[in-house]
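Asker: Given next are the chains, with one letter for each unit.
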Amino acid sequence: MDWPAFRLSLWLGLGTVVILLPLALWLGRFLALRRFRGRGMVEAAVALPLVLPPTVLGFYLLAAFGAGTWLGGAFQAIFGRTLAFSFEGLLLASAIANIPFAVQPIQNAFAAIPANLREAGATSGMAPWAVFWRVELPLAWPGIATAIVLTFAHTLGEFGVVLMVGGAIPGETRTAAIAIYDRVQAFDDAAAASMSALLLVICLLALLLVQRLTRGIGRRRHG
Amino acid sequence: MAEAGLSLRLKAATPITLDLALDCAPGELLAIIGPSGAGKSTTLRAIAGLHRPESGSVSCGAETWLDTSRALDLPAHRRRVGLVFQDYALFPHMTALGNVMAAMSHLPAALRAERAAALLARVHLAGLEQRRPAELSGGQQQRVAVARALARDPAVLLLDEPFSAVDRATRRRLQVELANLRQGLSIPIILVTHDLDEAASLADRMLLLHRGRGLQTASPAEMLARPASAEVARLLDLRNLFAGVILAHEPGLTRLRWGNQVLEAAPMPSLAPGTAVDWLIGAGGVVLHRRGRPSAGERENPVSGTIIALLPMGEEMRVTLDVGDPEGRHLTFALPRHAAQRNALAVGEACGVSLLRDALHVMPRP
Chain A
1 MDWPAFRLSL WLGLGTVVIL LPLALWLGRF LALRRFRGRG MVEAAVALPL
51 VLPPTVLGFY LLAAFGAGTW LGGAFQAIFG RTLAFSFEGL LLASAIANIP
101 FAVQPIQNAF AAIPANLREA GATSGMAPWA VFWRVELPLA WPGIATAIVL
151 TFAHTLGEFG VVLMVGGAIP GETRTAAIAI YDRVQAFDDA AAASMSALLL
201 VICLLALLLV QRLTRGIGRR RHG
Chain B
1001 MAEAGLSLRL KAATPITLDL ALDCAPGELL AIIGPSGAGK STTLRAIAGL
1051 HRPESGSVSC GAETWLDTSR ALDLPAHRRR VGLVFQDYAL FPHMTALGNV
1101 MAAMSHLPAA LRAERAAALL ARVHLAGLEQ RRPAELSGGQ QQRVAVARAL
1151 ARDPAVLLLD EPFSAVDRAT RRRLQVELAN LRQGLSIPII LVTHDLDEAA
1201 SLADRMLLLH RGRGLQTASP AEMLARPASA EVARLLDLRN LFAGVILAHE
1251 PGLTRLRWGN QVLEAAPMPS LAPGTAVDWL IGAGGVVLHR RGRPSAGERE
1301 NPVSGTIIAL LPMGEEMRVT LDVGDPEGRH LTFALPRHAA QRNALAVGEA
1351 CGVSLLRDAL HVMPRP
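Chains as they are written, first to last, in the working numbering: chain A, 1 to 223; chain B, 1001 to 1366.
Calculated from the structure, these hints are not laboratory results. Quantities reported herein were computed from a predicted structural model and do not represent experimental measurements. Hints may contain errors.
If the Cβ cut is set under 8 Å, some of the chain A residues that face chain B in the computed set are [as the list claims (entries may be wrong)]:
id, residue
1, G66
2, N116
3, T123
What the simulated footprint calls covered on chain B by chain A, stretch by stretch (three residues with Cβ under 8 Å from a Cβ of chain A suffice, anywhere in the stretch; the number is not a length) [said to hold, decoys possible]:
id, stretch
4, 1042-1050
5, 1064-1078
6, 1083-1089
7, 1147-1153
Now the in silico label distances, taken between C-beta atoms and shown as ranges [to be verified]:
id, chain 1, residue 1, chain 2, residue 2, range
8, B, R1115, A, R212, 32 to 38 Å
9, B, A1071, A, G40, 33 to 39 Å
10, A, A112, B, A1276, 33 to 39 Å
11, B, A1276, A, G40, 55 to 61 Å
12, A, R39, B, A1071, 27 to 33 Å
13, B, D1237, A, G40, 43 to 49 Å
14, B, E1135, A, L21, 29 to 35 Å
15, A, L71, B, A1062, 56 to 62 Å
Each residue gets a CB set at the ideal place from its N, CA and C atoms; glycine is no exception.
With the hints as constraints, model all of the structure from the sequences given.
Answerer: Below, the structure written as structure tokens:
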């Protein structure tokens, strides 16, 4: 059992959620409520990681992370190492690859809130932030919880992008999914089997957690 | 707490035409009526700050909420309005008490629960404080919405078709409750409805809106008896609308020509002789001449015609007369069914009626 790989995967999953959630809340709500030219284009761009082969996404990210680009160059100038093949680079790549898993459930959740509830909030004297906090967030919570868990679980299972951008450096970029692949390549079927089983259990628990979190919504007091 | 009234001026060409003015005194209930798409809800939303008109002003007491000439436009949450939405728009994740408390951000937190419970009791919902909207009937949801609208201590109460989503019996009950509730309210109340009967039974005054234009503001009785124009009369579904020409004015009456007849009407001295006008005879203004028993009233605007239709409706008989109107319009009136039988009314028979002068209302043409 490659525990460092599991620890790395968990940190990557949590880090991706922390980075992506504020962005997804803003973008998902914006796409749900605003009508503007180019909205279809933005929605297509958000969904792109769903359909793009992970190797293609990984290739472009790798190219963008190189020392010759402004992003890669800036990272190297500040931290003294390359963004590619580092945990930070992996985290950024993972956040980008997970945009649709975070944004789409949140967008759907905000779109499902009837417009007149926001208006009722306003005519009840709530400032816009209060309407967001007391009306929109509680009602969108099932979608937000789904986004969090989907992003986390999908990060654990991400393979192609991680391999392209991170390689498989132990303790730095070798995640559980890649460690399983390595074990299979090395004919270590027992280790691959136990790690696979653990990953399966974690993902199943995550989905059960979503169910629990979203079921309670109808019973909370005063919102 | 006495407040000065609400004053509203709206003018807009898009997205829908608006051209109206209204004033509503503290304690007064003004109904905005008109067909669907007339701009009733938009007007209400403009008062609440949910719709911004091209130009106009909204003020309530000493506060100005909107004045486009000064680029002043307070957002909805800073206007002290209570708005009851057509489908109530209750917060589904909060209890009845939570919904009412949600509109009490102006009060110290410690006072809110007690005040909210008192408001719910006032709308007859004591005991249901912990229910969620989904666990309440339509009528109960409407009461929560009313309590929430009042929770803010609003300077004006706005009701958008508040009775349209419940069954008839509940609607009656809620209308009575509103009539009771408003007696304790000293703020302007604006009720939007497409139901003329509802407006007539609840409102002190009505504003008739058509295609965004305010056509007439008057008490229900005044508007029904003396509509400002033929257009108003048609929108109110008033019958017996005819065309004529002013002949002369005499003390206490105006004479007009209708076809080859001369009629006496309620005085309308502002219209010069020779002016083409519309006129109507109000409900109860048509009196049947009894066969063989002439009475004094028959000298008032006697009109004879032929019965072309008799339609029993409940306890009444609706009689349609061909009265030789130059434009081919018919005169319709109702009388008790037994009276129709006693006078042996039948289709094809001749029939004489009087048009009572005081109910004969003359309207200028635009």
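Asker: Taking the hints in turn, state whether each one holds.
Answerer: We went through each hint and held it up to the structure:
1. At about 48 Å, the closest approach between the beta carbon of A/G66 and any beta carbon in chain B exceeds 8 Å, and the interface hint on this residue is violated.
2. The interface hint given for A/N116 holds, since its Cβ lies 4 Å from the closest Cβ of chain B, which is under the 8 Å cut-off.
3. With a least beta-carbon distance of about 4 Å to chain B, the hint placing A/T123 at the interface is held under the 8 Å criterion.
4. Proximity of the stretch 1042-1050 of chain B to chain A, defined as three or more residues with a beta carbon under 8 Å from a beta carbon of that chain, is established by the 3 residues found.
5. Counting residues of the stretch 1064-1078 of chain B whose beta carbon lies closer than 8 Å to any beta carbon of chain A gives 3, which meets the minimum of three for the stated coverage.
6. With a cut-off of 8 Å between beta carbons, the stretch 1083-1089 of chain B has 4 residues touching chain A; three or more are needed, and the interface restraint holds.
7. Requiring three or more residues with a Cβ within less than 8 Å of a Cβ of chain A, the coverage given for the stretch 1147-1153 of chain B holds, as 4 such residues are present.
8. Between B/R1115 and A/R212 the C-beta distance comes to about 35 Å, which sits within the given range of 32 to 38 Å.
9. In this structure the supplied range 33 to 39 Å holds for B/A1071 paired with A/G40, their Cβ-Cβ distance being about 34 Å.
10. Range check, A/A112 to B/A1276: about 58 Å between beta-carbon atoms, so the 33 to 39 Å window is missed.
11. With their beta carbons about 57 Å apart, B/A1276 and A/G40 fall inside the hinted range of 55 to 61 Å.
12. Checked against the hint of 27 to 33 Å, the pair A/R39 and B/A1071 passes, with Cβ atoms roughly 29 Å apart.
13. Taking 43 to 49 Å as the suggested C-beta distance range, the pair B/D1237 and A/G40 conforms, at roughly 47 Å.
14. Distance hint for B/E1135 and A/L21: a CB-CB separation of about 33 Å, consistent with the stated range 29 to 35 Å.
15. Restraint check, A/L71 to B/A1062: a C-beta distance of roughly 58 Å satisfies the suggested window 56 to 62 Å.
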